[in-house]
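Q: Chains as they are written, first to last, in the numbering used here: chain E, 3 to 403; chain Z, 3 to 403.
Please note that the accuracy of each hint is not assured.
If chains are identical, the list can't say which one is meant, so a pair holds when it fits in one copy or spans any two.
Straight-line distance between alpha carbons at most 25 angstroms, and here's what the computed BS3-like set of lysine-lysine pairs gives [unchecked claim]:
1. LYS296 / LYS159
2. LYS400 / LYS19
3. LYS159 / LYS214
4. LYS159 / LYS400
Simulated from the structure, these hints should not be mistaken for laboratory data.
Number of protein chains: 2
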Amino acid sequence: MDLHDLTRSLHQQNDSKIVMMVADGLGGLPLAAGGKTELETANTPHLDALARRGVQGMSIPVLPGISPGSGPGHLGLFGYDPLQYTIGRGALEATGIGFELQAHDVAIRCNFCTLDGDGNIADRRAGRIPTEQSSLLVERLREIRIPNVEVFVEPVKEHRFVVVLRGEGLGGNVHDTDPQATGVPPLNPVAADESSGRTAHVATEFLAQARKILADEPQANFHTMRGFAARPHLPTYEEVYGLRAAAIAVYPMYKGLARLVGMDVIGQAQTLAEQMDLLEQHWAEYDFFFLHYKYTDSTGEDGDFDAKVARTEDFDAALPRVAALEPSVLIVTGDHSTPAFLRNHSWHAVPTLLVSDCCRTDGRTAFSESESRQGGLGQFEAKHLMTLALANAGRLGKFGA
Amino acid sequence: MDLHDLTRSLHQQNDSKIVMMVADGLGGLPLAAGGKTELETANTPHLDALARRGVQGMSIPVLPGISPGSGPGHLGLFGYDPLQYTIGRGALEATGIGFELQAHDVAIRCNFCTLDGDGNIADRRAGRIPTEQSSLLVERLREIRIPNVEVFVEPVKEHRFVVVLRGEGLGGNVHDTDPQATGVPPLNPVAADESSGRTAHVATEFLAQARKILADEPQANFHTMRGFAARPHLPTYEEVYGLRAAAIAVYPMYKGLARLVGMDVIGQAQTLAEQMDLLEQHWAEYDFFFLHYKYTDSTGEDGDFDAKVARTEDFDAALPRVAALEPSVLIVTGDHSTPAFLRNHSWHAVPTLLVSDCCRTDGRTAFSESESRQGGLGQFEAKHLMTLALANAGRLGKFGA
Numbered sequence: 003m004d005l006h007d008l009t010r011s012l013h014q015q016n017d018s019k020i021v022m023m024v025a026d027g028l029g030g031l032p033l034a035a036g037g038k039t040e041l042e043t044a045n046t047p048h049l050d051a052l053a054r055r056g057v058q059g060m061s062i063p064v065l066p067g068i069s070p071g072s073g074p075g076h077l078g079l080f081g082y083d084p085l086q087y088t089i090g091r092g093a094l095e096a097t098g099i100g101f102e103l104q105a106h107d108v109a110i111r112c113n114f115c116t117l118d119g120d121g122n123i124a125d126r127r128a129g130r131i132p133t134e135q136s137s138l139l140v141e142r143l144r145e146i147r148i149p150n151v152e153v154f155v156e157p158v159k160e161h162r163f164v165v166v167l168r169g170e171g172l173g174g175n176v177h178d179t180d181p182q183a184t185g186v187p188p189l190n191p192v193a194a195d196e197s198s199g200r201t202a203h204v205a206t207e208f209l210a211q212a213r214k215i216l217a218d219e220p221q222a223n224f225h226t227m228r229g230f231a232a233r234p235h236l237p238t239y240e241e242v243y244g245l246r247a248a249a250i251a252v253y254p255m256y257k258g259l260a261r262l263v264g265m266d267v268i269g270q271a272q273t274l275a276e277q278m279d280l281l282e283q284h285w286a287e288y289d290f291f292f293l294h295y296k297y298t299d300s301t302g303e304d305g306d307f308d309a310k311v312a313r314t315e316d317f318d319a320a321l322p323r324v325a326a327l328e329p330s331v332l333i334v335t336g337d338h339s340t341p342a343f344l345r346n347h348s349w350h351a352v353p354t355l356l357v358s359d360c361c362r363t364d365g366r367t368a369f370s371e372s373e374s375r376q377g378g379l380g381q382f383e384a385k386h387l388m389t390l391a392l393a394n395a396g397r398l399g400k401f402g403a
Numbered sequence: 003m004d005l006h007d008l009t010r011s012l013h014q015q016n017d018s019k020i021v022m023m024v025a026d027g028l029g030g031l032p033l034a035a036g037g038k039t040e041l042e043t044a045n046t047p048h049l050d051a052l053a054r055r056g057v058q059g060m061s062i063p064v065l066p067g068i069s070p071g072s073g074p075g076h077l078g079l080f081g082y083d084p085l086q087y088t089i090g091r092g093a094l095e096a097t098g099i100g101f102e103l104q105a106h107d108v109a110i111r112c113n114f115c116t117l118d119g120d121g122n123i124a125d126r127r128a129g130r131i132p133t134e135q136s137s138l139l140v141e142r143l144r145e146i147r148i149p150n151v152e153v154f155v156e157p158v159k160e161h162r163f164v165v166v167l168r169g170e171g172l173g174g175n176v177h178d179t180d181p182q183a184t185g186v187p188p189l190n191p192v193a194a195d196e197s198s199g200r201t202a203h204v205a206t207e208f209l210a211q212a213r214k215i216l217a218d219e220p221q222a223n224f225h226t227m228r229g230f231a232a233r234p235h236l237p238t239y240e241e242v243y244g245l246r247a248a249a250i251a252v253y254p255m256y257k258g259l260a261r262l263v264g265m266d267v268i269g270q271a272q273t274l275a276e277q278m279d280l281l282e283q284h285w286a287e288y289d290f291f292f293l294h295y296k297y298t299d300s301t302g303e304d305g306d307f308d309a310k311v312a313r314t315e316d317f318d319a320a321l322p323r324v325a326a327l328e329p330s331v332l333i334v335t336g337d338h339s340t341p342a343f344l345r346n347h348s349w350h351a352v353p354t355l356l357v358s359d360c361c362r363t364d365g366r367t368a369f370s371e372s373e374s375r376q377g378g379l380g381q382f383e384a385k386h387l388m389t390l391a392l393a394n395a396g397r398l399g400k401f402g403a
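Work the whole structure out from these sequences, hints included.
A: Written out as structure tokens, the structure reads:
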């Protein structure tokens, strides 16, 4: 019996509201042993006030020691076991640029590359050609036509672009054509299972046409294909939790991840203040709101401790507008830690705060790594957070008699 | 490898004694944020003395956010994964009235109902006829005879009663005959799998005879059948732990649950003092004692905070008699929380105390939600408690070389 078998059979309706605020990469590290983390350094009076009314714990994104990407990090927070539900690289790349994958799509990450006179790969990234240049090449690749298949070609950045093939009977399991080496020719697309034979055939045709179109380019005279992936089939929030859910995010990746679990993506907010506007405007329409804040992660990845502190304070300053809506359950968490010290996503457990009328407070007076370590929720895998949210909202019936 | 594969291969014998005291619904909540829980309010000098000698933790009955019924709550404490072993509704109802289910039994929850002149259900509960009246009808249904099947009909309360069919080849998967609506006729019993075809046939015959017997009743002129369930097949304490186990409980439900895992149910105690008498009298005969105390749950369900405090103090007062027996391992826990604030079973973790000579004490000086949050056992799923008990009793060998 998996978590969603439980929630499917136990969820019930009421008029409660749940808000999940995800400060991306929230958890951190001190710059020197014994020092304070970014969150501990930041002045966060509103988070601390919520801590006194709530219960804290440490959320383990996937498993101890596992540093997740944005995909598994968010799937865990959404209550989808990130080891059970995986999002193929191509599908995640397409999601990240805001491409709305449909049921019969296969998404492929592509790299422009440079072939030498013998057809061997001389540069796997075509000299990292600038985005403006590769975008023009992407335009030309859109001329490619394949019978009975709709083809989308979308630029990403520098030498990277995405191809999406849409049509019946296209499986998502095809081996990469990038040989991960120079001095050898690119590989042909080879199906890794029976249902992907047609996909390999279509990809071969695409590459043949692309080779002609790109033939005279000085650098990007061909491309490789990697990470073939069908749209992942995730049950929806409506089905597994009985929740009408909305996502309020600035960046395409997080909108895309939310769409994959059936959330409505609302608005075009560019700032946290605009996200708050949307939250207020749509308050009556949804049971659950996922609100994504990016800058605690991006500053961490930049290794900029002080900027992460400042961005954490910006996040804190937005909380009174959320609290004023009096959500039945308010959660503040992150999809993983991104310590500026490591300049990268990390495995460290993420301080997580849940506030409700019946949350069993834990005597904590601030919100931080060291406080949440002593919190009432203990350490728990992120995938359990949604069940806790539903329980605190009175939306889960009793299991067994 | 499940938990019992481990304990089966590792358990060993010695003359230790384990006592598990289950205060039903033990965990609680403050009535107002920042206040004390029932257990924190209660004056519990003996629990606090044990806390100084023991180690505490927070037991999660099933999974975070899941509020269990008595069945899964106790199966977890007994070390049986409550998501792996489920007890069908009919079997639990029969267990709850003290009916001893046997291997070839199928138990069915029945409701007297009222049919109108067209044979449609006018009232799914026959006007909730009083228990005295329905008991007389149950007597009459005992006249029903079905070839090669032993039939038991047992009253429960008001319009509810239980039918148990005993015979070879009776599967437990038959759909409910209650259409969950009025103005339509009851459904016929339909088997949900091949092995339950005979059960559906026998149930159909039972209903035909019942319809004749009840035909002239003004209100309860028929009945529905729901929650068909075979006796759950649980491995026994003797087999998985090597323990001769005894249950000392007042209420039939908990005696029944203990029987399902092979415990001997001893005595007919009506009070905690009588339960203590039984514990002392049978001390030499068993390795493991499960002692169930109901009133921390029933007062919680009543929403009576003060009564729960008082009943917790009564429980505490009984502890010196247990401690005087010097059990090798003494555990105090609950099958779930029942905060008076919620008037219901809840998902909150349950304060749990384990005392043994080698338990690694944790410096706690009282027993409560807030103390156990800081305890040495951390947060753990209830299903791991029995393994901890066996280990502390020196009854588990080393895993691997």
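Q: None of the hints should be skipped; say for each whether it holds.
A: Against the structure, the hints come out as follows:
{"no.": "1", "hint": "LYS296 / LYS159", "result": "within (19 angstroms within a copy, 58 angstroms between copies)"}
{"no.": "2", "hint": "LYS400 / LYS19", "result": "within (20 angstroms within a copy, 34 angstroms between copies)"}
{"no.": "3", "hint": "LYS159 / LYS214", "result": "within (23 angstroms within a copy, 79 angstroms between copies)"}
{"no.": "4", "hint": "LYS159 / LYS400", "result": "between (50 angstroms within a copy, 21 angstroms between copies)"}
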